[in-house]
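J.: Sequence:
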Amino acid sequence: MTLLEALLATVILAVVAVACLEGTHGAATLQHRAASVSRALSHAEAVMATAATGGSARREDARLDEARVDVHRIPYGHGAASTVQRIEVSVRDADGRLVRLTRLVDHGQIVGSALPTAHPAGAER
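Per our numbering, the very first residue in the sequence shown carries number 169; after that it's consecutive.
Source of the hints: derived by calculation from the structure; they are not laboratory data.
Ideal placement from N, C-alpha and C gives every residue a C-beta, glycine not left out.
Among these hints, one or two may not hold up.
[What the hints assert, rightly or not] Simulated DEER-style distance windows between Cβ atoms:
1) Thr251 / Ala195: 18 to 26 Å
2) Ala187 / His240: 42 to 50 Å
3) Ile242 / Ala195: 50 to 58 Å
4) Ala174 / Ala202: 47 to 55 Å
5) Glu190 / Asp238: 32 to 40 Å
6) Gln199 / Leu176: 32 to 40 Å
7) Asp238 / Leu176: 52 to 60 Å
8) Tyr244 / Ser210: 24 to 32 Å
9) Arg254 / Thr192: 37 to 45 Å
10) Gly245 / Gly191: 28 to 36 Å
11) Ala182 / Arg236: 24 to 32 Å
12) Ala217 / Leu181: 47 to 55 Å
Construct the entire structure; sequences and hints are all you get.
T.: Right, here's the structure in full:
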């Protein structure tokens, strides 16, 4: 093996090592982001469950001290006789990304999500 071949092999090895390190760094960054969003989603689900049952919607959670939680109750349906509300919970994670959940509730019972539910044929509505 000549000196030129040895230098070329060293350069190729260095390029491969740098590429592997960049890939590892990227994977670690994605894992951190996923964990942050997962914590925010867990917190949003807990706040949504509390808000849907009529409890205090603003619940402090030690895991997300830096998170900002917004809860909105919006009347849903036609007329004043409608008792259904749309509850929107928004949580910002530590990196500033927003997680938003929306549910329709009626007197503390979950009616459904934003997606329509199917009715069996012949069933009364």
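J.: Confirm or reject each hint.
T.: Tested hints:
1. Thr251 / Ala195: 18 to 26 Å: violated (48 Å)
2. Ala187 / His240: 42 to 50 Å: At roughly 47 Å between Cβ atoms, His240 and Ala187 fall inside 42 to 50 Å, so the hint holds.
3. Ile242 / Ala195: 50 to 58 Å: violated (40 Å)
4. Ala174 / Ala202: 47 to 55 Å: With Cβ atoms ~42 Å apart, the hint is violated.
5. Glu190 / Asp238: 32 to 40 Å: This hint holds: roughly 37 Å between Cβ atoms.
6. Gln199 / Leu176: 32 to 40 Å: This hint holds: roughly 35 Å between Cβ atoms.
7. Asp238 / Leu176: 52 to 60 Å: Check passed, 58 Å falls within 52 to 60 Å.
8. Tyr244 / Ser210: 24 to 32 Å: Given range 24 to 32 Å: holds, Cβ gap about 26 Å.
9. Arg254 / Thr192: 37 to 45 Å: holds (43 Å)
10. Gly245 / Gly191: 28 to 36 Å: Taking Cβ atoms as reference, Gly245 and Gly191 lie about 51 Å apart, which means the hint is violated.
11. Ala182 / Arg236: 24 to 32 Å: violated (45 Å)
12. Ala217 / Leu181: 47 to 55 Å: holds (54 Å)
Hint violations for this structure: numbers 1, 3, 4, 10, 11, all remaining hints satisfied.
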